[in-house]
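Chemist: One letter stands for each residue in the lines below.
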Amino acid sequence: MKIEAVGVVVRYPGLGRPALDDVSIEVPPGTLYAVLGPNGSGKSTLMRALLGISPLTSGHVTLDGRSAGGWNRRERARSVGAVPQSEAIAFPLTVREMVAMGRYPYLAALAGESAVDRAAIARALQGCDVADLADRDVSTLSGGELQRARIARALAQEPRALVLDEPTASLDIRHEMGILELLRSSADEGMTVILITHGLGTVAQFADKMLLLSRGKVAAEGVPTDVIREDVLADVYGWPVSVHSDPESGAPRVTPRRVASF
Amino acid sequence: MNRWGLGALLVALLAVAVLLGVRFGSVRIPVSEVWAALTGGGDATTRDIVLRLRLPRVLLALLVGGGLAIAGATFQALLRNPLAEPYILGISGGASVGAVLVLALGWAAAGSWVLPLAAFAGALLAITLVFRVATATGRVMDVRVLLLAGVVVAAFFSACIAFILSVSPARTIQSAVLWIMGSLAGATWRSVIVAAAYTLPSTLLLIALARPLNLMAIGEDTAHYLGADVEGVKRLSLIVAALVTAAGVAVAGVIGFVGLVVPHAIRLLVGSDHRALLPLSFLAGGAFLALADLVARLALAPTEIPIGVITAFVGVPFFLVLLRRSVSIA
Numbered sequence: 001m002k003i004e005a006v007g008v009v010v011r012y013p014g015l016g017r018p019a020l021d022d023v024s025i026e027v028p029p030g031t032l033y034a035v036l037g038p039n040g041s042g043k044s045t046l047m048r049a050l051l052g053i054s055p056l057t058s059g060h061v062t063l064d065g066r067s068a069g070g071w072n073r074r075e076r077a078r079s080v081g082a083v084p085q086s087e088a089i090a091f092p093l094t095v096r097e098m099v100a101m102g103r104y105p106y107l108a109a110l111a112g113e114s115a116v117d118r119a120a121i122a123r124a125l126q127g128c129d130v131a132d133l134a135d136r137d138v139s140t141l142s143g144g145e146l147q148r149a150r151i152a153r154a155l156a157q158e159p160r161a162l163v164l165d166e167p168t169a170s171l172d173i174r175h176e177m178g179i180l181e182l183l184r185s186s187a188d189e190g191m192t193v194i195l196i197t198h199g200l201g202t203v204a205q206f207a208d209k210m211l212l213l214s215r216g217k218v219a220a221e222g223v224p225t226d227v228i229r230e231d232v233l234a235d236v237y238g239w240p241v242s243v244h245s246d247p248e249s250g251a252p253r254v255t256p257r258r259v260a261s262f
Numbered sequence: 263m264n265r266w267g268l269g270a271l272l273v274a275l276l277a278v279a280v281l282l283g284v285r286f287g288s289v290r291i292p293v294s295e296v297w298a299a300l301t302g303g304g305d306a307t308t309r310d311i312v313l314r315l316r317l318p319r320v321l322l323a324l325l326v327g328g329g330l331a332i333a334g335a336t337f338q339a340l341l342r343n344p345l346a347e348p349y350i351l352g353i354s355g356g357a358s359v360g361a362v363l364v365l366a367l368g369w370a371a372a373g374s375w376v377l378p379l380a381a382f383a384g385a386l387l388a389i390t391l392v393f394r395v396a397t398a399t400g401r402v403m404d405v406r407v408l409l410l411a412g413v414v415v416a417a418f419f420s421a422c423i424a425f426i427l428s429v430s431p432a433r434t435i436q437s438a439v440l441w442i443m444g445s446l447a448g449a450t451w452r453s454v455i456v457a458a459a460y461t462l463p464s465t466l467l468l469i470a471l472a473r474p475l476n477l478m479a480i481g482e483d484t485a486h487y488l489g490a491d492v493e494g495v496k497r498l499s500l501i502v503a504a505l506v507t508a509a510g511v512a513v514a515g516v517i518g519f520v521g522l523v524v525p526h527a528i529r530l531l532v533g534s535d536h537r538a539l540l541p542l543s544f545l546a547g548g549a550f551l552a553l554a555d556l557v558a559r560l561a562l563a564p565t566e567i568p569i570g571v572i573t574a575f576v577g578v579p580f581f582l583v584l585l586r587r588s589v590s591i592a
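If you read the protein sequences in the order shown, they are chains A and B. The first sequence: position 227 = 227 (our numbering), numbered continuously. Just remember that our numbering sits 262 ahead of the position in the second sequence, which is counted from 1.
Since the hints were derived computationally from the structure, they do not count as laboratory data. Hints are supplied without guarantee of correctness; some may be wrong.
Residues from chain B that face chain A, not an exhaustive set, calculated with beta carbons under 8 Å [to be verified]:
#: 1; residue: Thr308
#: 2; residue: Asp310
#: 3; residue: Arg342
#: 4; residue: Asn343
#: 5; residue: Pro344
#: 6; residue: Leu466
#: 7; residue: Asn476
#: 8; residue: Asp483
#: 9; residue: Ala527
#: 10; residue: Arg529
#: 11; residue: Gly533
#: 12; residue: Pro579
These stretches of chain B come out as covered by chain A in the derived footprint (C-beta under 8 Å, 3 or more residues) [claimed, not checked]:
#: 13; region: 442-454
#: 14; region: 568-577
Here a beta-carbon is modelled for each residue, glycine too, at the ideal position from N, C-alpha and C.
Let the sequences and hints guide you as you build the complete structure.
Modeler: So this is what it looks like as structure tokens:
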């Protein structure tokens, strides 16, 4: 699926500057597109704007060339899976029950799961390596296991695109890399992947293209070496950094520098 | 536990609750005579007690208890909070203001549907206030803010009732006490029909919303991403749950904690899938309130304890345990 945003402006009532100001992106199928930026730069708002939660003040979003507003909810959910940053799970829920929620857009109000649904759930559990945890309550999972279960739920939607908001935040490197490898291979199979992240250096190894947001505006966009640059990052984050090329992968690597007088 | 097994068990429990409710009271009636009365036989006095007093009272307990339980489960899903409950959120209080106001103004005589409608208006007002207060602090609803909002709104409605009663004649005060303490003593076939007319269709509608409510219980953004009509489901289920609460308050006054205790117990037994949770909560809530009413009638017979006292004695310790747990998680 191709996801495209043109001149998107989102203004929350009561706030001075817009949360997103003239942001345009184009993400073709098979692309892993990383969205970066400091806290409050509009990353999560971009996700909510692309998927129809935050109303656009101006600009437009198209999914596969069709205006996002023209998709009905269930149809959209069958094509785009999304994992928001956090969820407050207040009630007992097993991993399987959580992943099965991904079948919602396929099921009638009181219908049971069909064989097709069960197969999709099993594939998603397998694909995210949480099949062994299927009967566990989600409150007993580690951070990495919970994120994989949430991604499995999005995969159970059998979407053609995935949008994820910081799925690797607070994970150790093994789990972070595991999730990034999973997203990379999904993209290689033709999935459109939009990944919102704080992991400047790590994600540069995986992303085809990157978008750097700063105070709601596009600060840089392009292949990782166009975006991960000392001058650009120092300006956006307000902190000096060094960027080196990783000797093995060739991807840019970011090292924040010490500042003598802080 | 298997949800169908639990369902069968609860239906059996309901039948037992009905039987006990009809048998016991100031006069004990043997099962054989209960059966005779139900099938149109037996002596006239027994028939009168069974058919005109006890049967409507038990049926009203089933409807009100079931309605409060399913309303509680719905509020819990929408607010993602196991502590949400019509009484704690001040929604029952809002409904009782509506009911007391109608009584004080003497409008109740206009028809048996007036009181529930006024209670409904009060409940909607309460829900709006609680949501406004609870969401004023940001997009994410904090447990503490929500409970505080409920307390404040309930206090406001208590003040409203106290005001209305202070300017009303003594006769009104007497009948209004029912709405503050909760009682099934006024049960008539007419109140059973009114409660059924509001509660049963609402219950079916909420059960039909079980699947989107499952998603809402995880988060509104998540529910949206999975294809649910978040605003539509939220509005419809809040209004319907308020209507069920209001119907209960209109016929039996303010009865607290049923909506807290019952859904929690069912969740422990069969999990949080609302397709099972909602219908099972309805059955269990009915059985719970019918049995609580039995205790209210028999514990200090011939004096009757207000039923809200019984449910609070069970519910408050329960609430404190849940509160402690949810605060330690947050």
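Chemist: Each hint should be assessed against the structure and marked as holding or not.
Modeler: So, going through the hints one by one against the coordinates:
1. At its closest, the beta carbon of threonine 308 of chain B sits 43 Å from a beta carbon of chain A; the interface hint therefore is violated under the 8 Å criterion.
2. Residue-level restraint check for aspartate 310 of chain B is violated (minimum Cβ-Cβ distance to chain A is 43 Å; threshold 8 Å).
3. Checking arginine 342 of chain B against chain A: minimum C-beta separation of about 5 Å stays under 8 Å; hint holds.
4. The interface hint given for asparagine 343 of chain B holds, since its Cβ lies 6 Å from the closest Cβ of chain A, which is under the 8 Å cut-off.
5. This hint holds: proline 344 of chain B has a C-beta 6 Å from the nearest C-beta of chain A, less than the 8 Å allowed.
6. Because the beta carbon of leucine 466 of chain B sits about 11 Å from the nearest beta carbon in chain A, more than 8 Å, this interface hint is broken.
7. Restraint check, asparagine 476 of chain B versus chain A: the minimum CB separation of about 7 Å is within 8 Å; hint holds.
8. Residue-level restraint check for aspartate 483 of chain B holds (minimum Cβ-Cβ distance to chain A is 4 Å; threshold 8 Å).
9. Hint status for alanine 527 of chain B: violated, given a least beta-carbon distance of 12 Å to chain A, over 8 Å.
10. The interface hint given for arginine 529 of chain B holds, since its Cβ lies 6 Å from the closest Cβ of chain A, which is under the 8 Å cut-off.
11. The restraint placing glycine 533 of chain B at the interface with chain A holds, with a minimum CB-CB distance near 6 Å, inside the 8 Å limit.
12. Taken as an interface hint, proline 579 of chain B does not check out: its beta carbon lies about 20 Å from the nearest beta carbon of chain A, beyond 8 Å.
13. A stretch counts as covered by a chain when three or more of its residues have a beta carbon under 8 Å from one of that chain; for the region 442-454 of chain B and chain A the count is 0, and the coverage is violated.
14. Closer than 8 Å: that is the beta-carbon criterion, and the region 568-577 of chain B has 0 residues meeting it against chain A, so the requirement of 3 is violated.
Checked against the numbered hints above, the structure violates hints 1, 2, 6, 9, 12, 13 and 14; every other hint is satisfied.
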